[in-house]
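Could you put the whole structure together from the sequences, leaning on the hints where they help?
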Amino acid sequence: MKILSKNGNELIMLAMKTDIASKGDYLIIEDEKSKRKMIVQIYDEEYLSSQSLIEDIVKDEVVTASSIENLHDPLNIGNISKIIRDARVFRAKIRAAIDLSGKLSSDVTWLPSRVYSNVRRLRISELDMLIERRGVFPIPIGKARGDNEDFEVYAEDLDGKLNIITGKKESGKSHLSKILVKTLVQHGAFVIVFDLNNEYGGLAWNSDGSPSPIHEQIMVLEPGYGLRFSLAYCGKSAMYNMLKNALDMPSASLREFFRIWDYLENKQTLEVEAFGNAINTWNINELVRDALISRYHVIQSSRLFSNNRNEDGLIKFEDVISKKRKGTAIVISMGKATSIARRMIVELVLSKLIDLLEKVVIPPIFLFAEEAHLYVRDTYWEDIITRMRHFGIYTTFITNQPDAIGDGIYRQVDNIFLFNFTNDTDLDKISKVSLADNETIRSIVRTLPQRYCLSIGKVVCDLPIVVKTAPAEVLTLGETKKFFI
Amino acid sequence: MTAQLNFQSNRINFSEFEHAFDQSLGQCLSSRLDELLKGKKIIFSSEDKNLVPVDGWGLRNIPYCTTPLTTIQPRMDNTTVCAMDSSTIQLAETEDGSLYGVKSGVVLSIGGHALIHFKIGPILFYLSEETIGHSQLDHRLAKLILIDSDFAKRLIRIRVERVIQMELSNNLSKSIILVDGSLKSSLFEEKKQNIKNVAENCLLKQNSMIGISKSSKLRILDRVSTPLAKIQGPAYMDVNLIIKSLVRNTVGDNLIAKFGNHNSPILRVDVVSCNSDKDEALGKLLANDSIACGYPETLRLAHHVSTFTYTEISCLRGHVLSNYDVIELASEDIRKTLLGSITV
Chain F
1 MKILSKNGNE
11 LIMLAMKTDI
21 ASKGDYLIIE
31 DEKSKRKMIV
41 QIYDEEYLSS
51 QSLIEDIVKD
61 EVVTASSIEN
71 LHDPLNIGNI
81 SKIIRDARVF
91 RAKIRAAIDL
101 SGKLSSDVTW
111 LPSRVYSNVR
121 RLRISELDML
131 IERRGVFPIP
141 IGKARGDNED
151 FEVYAEDLDG
161 KLNIITGKKE
171 SGKSHLSKIL
181 VKTLVQHGAF
191 VIVFDLNNEY
201 GGLAWNSDGS
211 PSPIHEQIMV
221 LEPGYGLRFS
231 LAYCGKSAMY
241 NMLKNALDMP
251 SASLREFFRI
261 WDYLENKQTL
271 EVEAFGNAIN
281 TWNINELVRD
291 ALISRYHVIQ
301 SSRLFSNNRN
311 EDGLIKFEDV
321 ISKKRKGTAI
331 VISMGKATSI
341 ARRMIVELVL
351 SKLIDLLEKV
361 VIPPIFLFAE
371 EAHLYVRDTY
381 WEDIITRMRH
391 FGIYTTFITN
401 QPDAIGDGIY
411 RQVDNIFLFN
421 FTNDTDLDKI
431 SKVSLADNET
441 IRSIVRTLPQ
451 RYCLSIGKVV
461 CDLPIVVKTA
471 PAEVLTLGET
481 KKFFI
Chain L
1 MTAQLNFQSN
11 RINFSEFEHA
21 FDQSLGQCLS
31 SRLDELLKGK
41 KIIFSSEDKN
51 LVPVDGWGLR
61 NIPYCTTPLT
71 TIQPRMDNTT
81 VCAMDSSTIQ
91 LAETEDGSLY
101 GVKSGVVLSI
111 GGHALIHFKI
121 GPILFYLSEE
131 TIGHSQLDHR
141 LAKLILIDSD
151 FAKRLIRIRV
161 ERVIQMELSN
171 NLSKSIILVD
181 GSLKSSLFEE
191 KKQNIKNVAE
201 NCLLKQNSMI
211 GISKSSKLRI
221 LDRVSTPLAK
231 IQGPAYMDVN
241 LIIKSLVRNT
251 VGDNLIAKFG
261 NHNSPILRVD
271 VVSCNSDKDE
281 ALGKLLANDS
291 IACGYPETLR
301 LAHHVSTFTY
311 TEISCLRGHV
321 LSNYDVIELA
331 SEDIRKTLLG
341 SITV
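Residue numbers (the working numbering), protein chains in the order written: chain F, 1 to 485; chain L, 1 to 344.
Read the hints as simulated data drawn from the structure, not as lab findings. Possibly wrong hints are sitting among the right ones.
Stretch by stretch, here's where chain L covers chain F in the computed footprint (C-beta under 8 Å, at least three residues) [claimed, not checked]:
#	segment
1	59–70
2	79–89
Computed list of chain L residues with no C-beta within reach of chain F, every gap over 10 Å [what the hints assert, rightly or not]:
#	residue
3	94
4	116
5	184
Note that beta-carbon positions come from the ideal geometry of N, C-alpha and C, so glycine has one too.
This is the structure we're talking about:
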């Protein structure tokens, strides 16, 4: 490979057919004279094209189409000509430089020699060495494209961070998300998953049906089945958030609701049924009563609350976490829940977790939210990305609608795992707000095959890397039901 | 500065200068354009292009030229048409010689369809005082070739073409060999491989050889061709007398012909055929080659096969640099350097 030219922060490289490199690969340019090195990343690949070359190809095609060709080419010029026609141009973004002391530097203001520079592909393991990307808790997510070298991110780089996994439908988002959840749990982390398609339960099982290594650490909760709270455990704060944000209860009604709450608490009968009776007999405005009754019915039908506060199996997050010291994943299956119930669950769970984290009852947790825009209210996003991080909730959003996530979140994001997008609108959105440059995103992401993702952010020390995610070891659930198969 | 200029210009009497200029030049070259050009038909010239008026010059026929016009009737039999063409380029110069590339194309067709083509080359030749000594050329001609690259290219092209033509005429029988250009002996030919030998071979093997020139420098042919321009279909006129009186060393029958319909170009055609049966040779050509825009498709294809592409030229340069241990020197366009970069 040879350097042809420089345009802004990109180098244009000439490559022959034998130079094996593809989009997303890193190249190292070693300037023999100045002894400096530059690291660039290929983001686009084109044919070396000129008007005369095109004319030649057209002419040759016309001639060979007219009759059978026989060659007497003693100098073998025809073959050289074919090599030229197959020559390629790589467009590569300058990512970093290596100074004379061999250290990575952001000083890319110098130009490598076109004559005395050697260009070669950089293996991801070499890149890792150069950027000193290492950690204690590796998460092997697959193989680096091209090298087939194992590629891992480190749990430390997800810790305290906001992550987004996005890509079009069936590109492999959930698959990567499951790898992250599984390995985080194996490293002893506590993970809560808002599972919209009831698919994360499969983490407990291997694809052959045998129990997975984290079988004992997976806890699947469904409203009414495991996911049941006592009103006392939820507390006023979580209930207030749920009633106000999920059930849109007006202030007057909220006031009366908590009056009844206090009354029942004093009587030590704080249960759902007792609430129903109290609402009916409470001396209040009829409109407020109607509002309370309608919310009461929603609460009851959600099956999230127990009628008996001493009932066995009521969920207490702190108990679950203290029992499973080696890490656990609490999968909250919301596939069968109504949209209101989903919002109620999310409000309750998040409020309760914040409460517990504030009181330092539980350690920080990782939250995985599939298609969060379907159940998290707009104003809550900011809370998730600012306040909750400080409490110790580290969120990973998984979505196929990048425009459903506001720009504010993207600006706070630490890591993005980008799967294939072909739609221009999605690419526009992602490329505008992503941590990498527009051209890299648009060109690489558009052509990513299924299960390949472009990792951007802290996990890759801000050097985007294309990764082929590892095949599924766990049971795949949540697949689309089909009529004909 | 201005004073100096005034002083210098006062010393030259420009009116005298103009008078002397007109008088001296007018004796050999007339500039009375208003009289000379009045009423003339004109086409503007373009360098390195051979332009002809679309509908001919519209000249009146020369009254004393009573050349008969013969229509060409296609002869329907399966005759192989074999067309050849070649091209040369000057690839590089050294301190004592020049490097040339040559490429040839041979195309075989039958029944109006091209069957197979041979691409020969590119092949490199280096002409210097040392190498030209083996060329059996008169030493003055050899000097000229070393001085003028156009002559050198012509030498290489003719030598290569004759070799191929000899081979074709030896190996084919009862076929038509189509050649680009007129059939004429050249000073550059080798003694054993000249056009006359090729023609002789053709006759022995019952081949016909037809040389087709896209243009002719003989302006008289434009006048003679007036009746040919008016006829609808393919036809030819015998111009043996005219050509042989103007050009020495031509081979075969000299004709001007039109292979297509009304607007097809009129071409100079030289024919070597068995029993001097021009009608048969041209008839077989019409029947066994596809004629597009009044020009045989096989010869057109041979031309395209033989021309150098930009990629090939680049490859040849690369080949020379990497294989022959040469040192490439920086070069410049001296005209551009001296006259500036303003292109008009």
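Status of the hints after comparison with the structure:
1. 59–70: holds (count 9)
2. 79–89: holds (count 4)
3. 94: holds (18 Å)
4. 116: violated (5 Å)
5. 184: holds (27 Å)
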